[in-house]
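> Each chain is listed here by its residues.
2 protein chains.
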Amino acid sequence: MLEANRRAHQHGIDLSKLPQLLDMNADTITDNVHAINANCPDDRLKFIFKHLIQHLHDFVRETSLTTEEWMTALEFLKETGKMCSDIRHEYILLSDTLGVSSLVDAINHAKPPGATEACVLGPFFTEDAHEFQQGDSIASEGKGDYMYVYGKVTNTKGEPIPGAIIDTWETDGHGLYDTQYADRTEPDCRGRLFSAEDGSYAFRAVVPVSYPIPSDGPVGKMVSALGRHVFRPAHLHMQIDAQGYEKLTTAFYPRGDPYLYSDAVFGVHSSLIVDLKPVTDKELSLKRGFKDGKTHMELHRDIVLATPEEGQAARKQTMPAVAQK
Amino acid sequence: MLEANRRAHQHGIDLSKLPQLLDMNADTITDNVHAINANCPDDRLKFIFKHLIQHLHDFVRETSLTTEEWMTALEFLKETGKMCSDIRHEYILLSDTLGVSSLVDAINHAKPPGATEACVLGPFFTEDAHEFQQGDSIASEGKGDYMYVYGKVTNTKGEPIPGAIIDTWETDGHGLYDTQYADRTEPDCRGRLFSAEDGSYAFRAVVPVSYPIPSDGPVGKMVSALGRHVFRPAHLHMQIDAQGYEKLTTAFYPRGDPYLYSDAVFGVHSSLIVDLKPVTDKELSLKRGFKDGKTHMELHRDIVLATPEEGQAARKQTMPAVAQK
Chain E
1 MLEANRRAHQ HGIDLSKLPQ LLDMNADTIT DNVHAINANC PDDRLKFIFK
51 HLIQHLHDFV RETSLTTEEW MTALEFLKET GKMCSDIRHE YILLSDTLGV
101 SSLVDAINHA KPPGATEACV LGPFFTEDAH EFQQGDSIAS EGKGDYMYVY
151 GKVTNTKGEP IPGAIIDTWE TDGHGLYDTQ YADRTEPDCR GRLFSAEDGS
201 YAFRAVVPVS YPIPSDGPVG KMVSALGRHV FRPAHLHMQI DAQGYEKLTT
251 AFYPRGDPYL YSDAVFGVHS SLIVDLKPVT DKELSLKRGF KDGKTHMELH
301 RDIVLATPEE GQAARKQTMP AVAQK
Chain P
1 MLEANRRAHQ HGIDLSKLPQ LLDMNADTIT DNVHAINANC PDDRLKFIFK
51 HLIQHLHDFV RETSLTTEEW MTALEFLKET GKMCSDIRHE YILLSDTLGV
101 SSLVDAINHA KPPGATEACV LGPFFTEDAH EFQQGDSIAS EGKGDYMYVY
151 GKVTNTKGEP IPGAIIDTWE TDGHGLYDTQ YADRTEPDCR GRLFSAEDGS
201 YAFRAVVPVS YPIPSDGPVG KMVSALGRHV FRPAHLHMQI DAQGYEKLTT
251 AFYPRGDPYL YSDAVFGVHS SLIVDLKPVT DKELSLKRGF KDGKTHMELH
301 RDIVLATPEE GQAARKQTMP AVAQK
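Chains as they are written, first to last, in the UniProt record's numbering: chain E, 1 to 325; chain P, 1 to 325.
Heads up, a few of these hints could be off.
Treat identical chains as interchangeable: a pair holds within one or across any two.
[Unchecked claim] Okay, derived cross-link-like pairs now, DSS-like style, lysine-lysine, Cα gap no bigger than 27 Å in a straight line:
{"id": "1", "residue 1": "K82", "residue 2": "K282"}
{"id": "2", "residue 1": "K247", "residue 2": "K294"}
{"id": "3", "residue 1": "K50", "residue 2": "K221"}
{"id": "4", "residue 1": "K282", "residue 2": "K152"}
{"id": "5", "residue 1": "K82", "residue 2": "K221"}
{"id": "6", "residue 1": "K50", "residue 2": "K282"}
{"id": "7", "residue 1": "K157", "residue 2": "K78"}
{"id": "8", "residue 1": "K221", "residue 2": "K157"}
{"id": "9", "residue 1": "K221", "residue 2": "K46"}
{"id": "10", "residue 1": "K316", "residue 2": "K82"}
{"id": "11", "residue 1": "K294", "residue 2": "K316"}
{"id": "12", "residue 1": "K82", "residue 2": "K46"}
{"id": "13", "residue 1": "K143", "residue 2": "K247"}
{"id": "14", "residue 1": "K291", "residue 2": "K157"}
Worth flagging that the hints you see were computed from the coordinates, not collected in a lab.
Just need the whole structure built from these sequences, with the hints factored in.
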């Protein structure tokens, strides 16, 4: 016994200070775990684990989970771990498909009324995108159907924001990001540009298309077992960063996509749905730089940035009382 | 759009039957995920995921989890996956240390009043244990301090159960199971015997000692961050299987162990605590087969098995109403 005390002390544990708890049954075990975790020196960690344990245990009790079901869950988590690599994070995909990523995003990136809503970053942003001038094309020739994107970056008062850094990326006409091609040498269908003096921006791109999330792993199997499909609706990513404003990570979703209402990762907000308008005016098409003045789609969208103060005020509303204590 | 419908059909999905949902914010996303999962063809799976999603999302909302904290959690899960191998299941250890294994056990193996309580199996049971006769020693010479274990196997009416298969296993005096030695050639400190005509059993063993759970991985780090130690109190495992009765997996914990009230995996029930009694009677010690009639500890414990009907009735009480619907 003294030996055990000595060993515990080596681990920085004073056994006499631990709660004297026993009798783990379905009714008492949760309080027992809380009591043992009450020694946690980090208040935030203690708070998080208190809620984690409570929900995990309530889940098991409410479902009267069987031993076999719980083992299936633990095996699923082990398999999910096996699927991870330096370039694949199957747990992020799990979080995405359970709607948790989108929820965490909604809580942490809530915006004030009038500001453009945020949505999940996704796994396809890269740091190596080229810089473009207004009107340039971010997609090389032959990558898909032509699309012209333009609008204005302003604050919530409607004042233009010049010099905002605009990062944008999208799939090609095959539903693939450039990084999904094994022979990628250059960035494509992605680029960085800056808003003009009057806050305006414009660039050429291709019409993005819907695509499946990686579905050859445990998460894909889970999604299928739940009777769901694995597709994301088409979208154009945009990330806007301007001094004095909160960085905005968002995306625009063309109306009419059949997956718009069943996004595999719950990313769509109705305020981010845009109408693509066909432009058949050959003169305008030539002026915008499209080859042979071909018919193209037009995406017109203004972007409204929030200040850090406006963002903070909005987030206060999304944070439940318990977490503000 | 037609192309997307065609691709969805290839996955067995009828898009027109999916819920038409949008606007994922902190208040609405949970219902959205429920609605999408409502197509699940397996009722039990649907029920489990409904509760899983609700608790996972409530947890995130109640803690106003930050993006960084959620990424830390996902990285932790990824690291836990990396620690798994054919002989190590770090997720089981995670489940153990969060009290979930013990809770699942309590729900699934609840026993009627009077029957011996169950507790977690643990990872150290093996199939290769040798068979022993009454009075034999399951531990080879020099493995620890002598212990004599005896008692009677009965049903809840007190009637003896003959021919019950008794599997038992324990640590040696160093706090290690035989399987933790790299040079293991034979099973040791484990064995199988059968109860006699009058239900009695007796065998020699060594006094088990407390030991740390594997703490070199992410779970060990988590337990330390929570301000907890990593020790399990000393115990002797027993698993009893007799025709007409429920198989019982349990363990007996000698009173006085300093970790008894803070078991790292929440396995102890007070009804499973036993008093070890020193036996100094040389004659008795010789008769029991101990070398030179040395002083030894005595563990006297009767075991009461439940019938499947008795067990089922007990479990009905531990299963909340919601799961019985």
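> Can you give the numbers of the hints that this structure goes against, from lowest to highest?
When the structure is compared with the hints, numbers 1, 2, 6, 7, 8, 10, 11, 13 and 14 turn out to be violated.
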